[in-house]
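Engineer: Residues per chain, in single letters:
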Amino acid sequence: MRCIRSLLIAFSILSVVVAAGCTRVKYGDPTDVEVVTTEFGSTDLQLIANKMVDSMLAFPPLIELTADERPVIAVDRIKNKTTEHIDTESVTDSIINKIIHSGRFRFVDIANMDVLEAQLVLQTETDVFDPATTARLGRLIGSDYLLYGNLSSIVKQTKKVEDVYYKFTLRLTHLETGIIEWQDEQEIRKTQKRSWFGG
Amino acid sequence: MPSLNRRLIPLSIILLLLSGCAGTSTFKAYPKQINPYIKQLNEDKGPKDALANLDRYRTKQDKILYLWERARIAQINDDINTSKIDYADAITAVRAQRETATISASSIGVQGAALLVNDNAIPYKGEGYEKVFMYHFQGMNYLMAGNIEGAGVEVRRANLEQNQALRDHAKEVEVARKEASNKRLSTSSADAEVARAYSLMDPIVGSVKNSFQNAYTFYFSGIVYELLKQPNDAYIDYKKAIEIYPDNPYVQQDVLRLAQRLGFHDEYTSFKIRFGAYAPPPPEHSSELVIFYEAGFVPQKQQIKIPLPIQGRLTPIAFPVYSGTVRQTGPLQVQEAGNVIGRSAQIVDVQALAAKALQEDRSVLVIRQILRTLTKAGVFEPNSRERTGVNILASIYNVVSENADLRSWLTLPAQAHIVRLSLAPGEHLLNLQDTRTGGRTLVTVMLPPNSMTLLRVVGAGSTLYTQSIEFSTS
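One line per chain: the protein sequences are A and B, in this order. Letter by letter, the first sequence follows residues 59 to 257 of our numbering. Letter by letter, the second sequence follows residues -9 to 464 of our numbering.
Chain B with its partners taken away, still in its complex shape:
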């Protein structure tokens, strides 16, 4: 029997590789695959290359991730139809993942593979903040195609996702802890070590309370509800946005305006004490311009090796981490005829959400990494003392296969900002400039009387991509 066991580990590894059940990023780090396309976006080279190459992954196990990248690249390049199909496919895949049985046969197999190789072999599930953006950006697709009701469906889904992410996360932590206690593992000292390393991310996490509550999505949702002529629903979402970003002057004015209009006198008074009185625009400024500015790209995870005490020995284990460097974008300055008529205010810091999500995942990662190290070393198998040969082989294999999971949605913006202006109806030639990155562009917007015009600006490198659409508000 020992001789059979001795052959089993290398055999199962070879089988695993040959069968192709290892993920697409199991042995090639994910950021390396996506960076060429980010470079193309920064240089305004068009989406053709990216769309063709990423299309190959739409049936693979990490399809959610590749579909997100493809959908976002198409969207930035104004290919709304492609983007809509890809987001819809990703939404279907996310739902299918949620609907599979709690313990599915295929997921046991994959977890097994992940225990032998690395976390990249687990199909990518997506973080809560990424799923919220998936619905948000699909809503943007509907809105840019003039379908407000369709956008309404997506913002309600985004809202639902924000509520659900919290519950899902708590459950995942509980399952991992149970698994650790079943195997009689004590992970507290290792967890403390990793927590120390992860505290380096504190500067970029800042004051973010959790990773999935996103003020930009709430604000977008408020805009959609206003267009649907549901001001009460809009007010609720603006209030959620102001709780997360109390200093944003545009959201302050929105909560004041709607509290007054809807007759919530007590709330108006309390907002007035916090933010000052509502300043209505002059009556001749009947056209509104709302600018969504999505700037830069979210930072990428890097790998660090943290020595952890396992079985009485310090063993270096690979972990994903974000560097602690805070990267800022904007503000976007809006000029007309040489005068600055508006300056954007930040509404979400996606890098903070991403880093916070990683910190939240910490204890699950630690448990899984320790389980993997022990499984690779054959600790959970009987007669392990007699199998020195296997242990040596496993040690070599450990070093080769130990890669941190660096997967995340990389074409998400680093930050998003908003501008909301009331202007006179007519044609406006605007000069937009990101005062930090130097990116600038000229854009003409047509503002009909009693209307709301949405202008979406995406900043990639020093390129600014723009899309706009007008809606009647009368």
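Here chain A stands alone, though its shape is the one from the complex:
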């Protein structure tokens, strides 16, 4: 009997603990380190974007180049060559965002060129807009530089360990001359060990 009673008590305590653990939603700091898996996550994204932009902006020839003018850059989408479906557009956006805020470069939006074109055509070929205020066709600014890159990965797996090495390469090329003005690589290595015991 005593055994059953202690079991009942244990069960009641367990119920209370389980009930207390119901789903809750809370706001978190986006710069906090996320729960780590070997997949590419938000921390990796921030890490890469920050390091890349810092490296680019601190590059002496580029400091010299942007001393008196703000060169125009076009950005090509980052190629995903990894084994994860990564939203590389989001990585690109974070990088552009930081470069724009440095105030040293200007960007042309080639990724959304079709949307821009449709808007220009709408303004110039319909009579609903005031002609004095409409944007004119053929005045988009050509870029001086192209920023492009790729994200690749090497995965090594055993029963107990998964090791993923991500390499992000970004390059700034002068369009007229083809000269690579700047390039950098950022590497992230993530290792996940499986424990011997678990749920």
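Please note that a few of the clues may not be correct.
[Said to hold, decoys possible] In the DSS-like style, the derived pairs of lysine-lysine whose C-alpha atoms are separated by at most 25 Å in a straight line are:
1. Lys219(B) with Lys251(A)
2. Lys161(B) with Lys214(A)
3. Lys219(B) with Lys137(A)
None of these hints come from the bench; they were simulated from the model. Note that the structure is predicted; figures quoted are calculated from it, not measured.
Here the structure of chain A is known, so what remains is to put chain B in place on it, guided by the hints.
Structural biologist: Relative to the frame of chain A, chain B by itself:
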């Protein structure tokens, strides 16, 4: 204490059944559940019934298997969105399974249940060749939706899986052997008996070296890399495909073409000695048509009882096996305006991979079956001699519960073939016919200049399902 023990076995069995922890196919053979849907595919009856019924299993312990079937049925019926979601869920489940701790509390429980009932109580993990197809077909979904980069991710995963399957398998064999030696079991004579029975599968296994290296996936991967404008990566995968299928004339031309284009002169020369020179198409044939033909459905496992010497007595034990009958499909003949313009060449024999996988699993199966028989008979428990009543009950239970594990992905094709043609740009009305099954269909493909058009054909019974998409190569 003996009286308590006497009640324990039937009680645990009843509990097991009531708690529902036995798998969905523990007592009803898996093929019986899927065959109605295969029949519907053969008769072109649409996927509605199958998709609704299979959806119920997406949270069950064998979810990987049911998600695969559902994803493939949706894909054949051109419901790419449903198929993509299901494959993605299956991929998540496979990864979760791999990421769980090496010895997890839940898996100990399940192994325990499997030791008392049968192998169907172990959650389905999937064979290496099936996981490779999972990534391959998900890649196909991305490609058919026009997302080449997404397809690239999936083919890289498929590649990784092909490398990993070998290591996983070696580890599994080692664990089973350790378990047998801990329990002081000698399984060699039983293993030899089962090996003899399994040699009946040799004709369908043919010359396949291992179960997970799949030339079709390598070829598909090569196509994706060519579309991604990574010819060097494409060349590597075509080379892997040609090692497995050296007689495929289309792959021969691909390795010759790329070796020449990439300037690998020594390799070009050695391929030229093996396969003859590269024959470039006339310049006006700037459009390429690649046909993937997935024919028939992979054979299903059957149950046989093999008498094995256990504890000095011959005991009939249930094992899964594939019948030794070799089933062939194709070739697919491509006709235009009454002329045969192409004939498909085989690139994978899935039935051979499935049979080879079963042969590779043999020693693990034997150890587990013997352990189960002994556990059911209470041999590992103390005072077993005094528990005659329990032994009789266990013997009856053994007969009732002893079912071989017949689970496998059943909507996979039996074989796959490829055709690769260079044609003049424009509209082409093609007459496709499987010369063996008689299945035929008319399909119109639009080939823009400097493009690659992919045409996927799935043969089910005498029905041919088709899907196509064009990509610019300029």
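Engineer: Now tell me if each hint is right for this structure.
Structural biologist: Structure-based check of all given hints:
1. Lys219(B) with Lys251(A): At roughly 36 Å apart (the allowed maximum being 25 Å), Lys251(A) and Lys219(B) break the hint.
2. Lys161(B) with Lys214(A): OK: Lys161(B) and Lys214(A) at ~16 Å, within 25 Å.
3. Lys219(B) with Lys137(A): holds (12 Å)
In summary, the structure is inconsistent with hint 1 from the numbered list given earlier, while agreeing with all the others.
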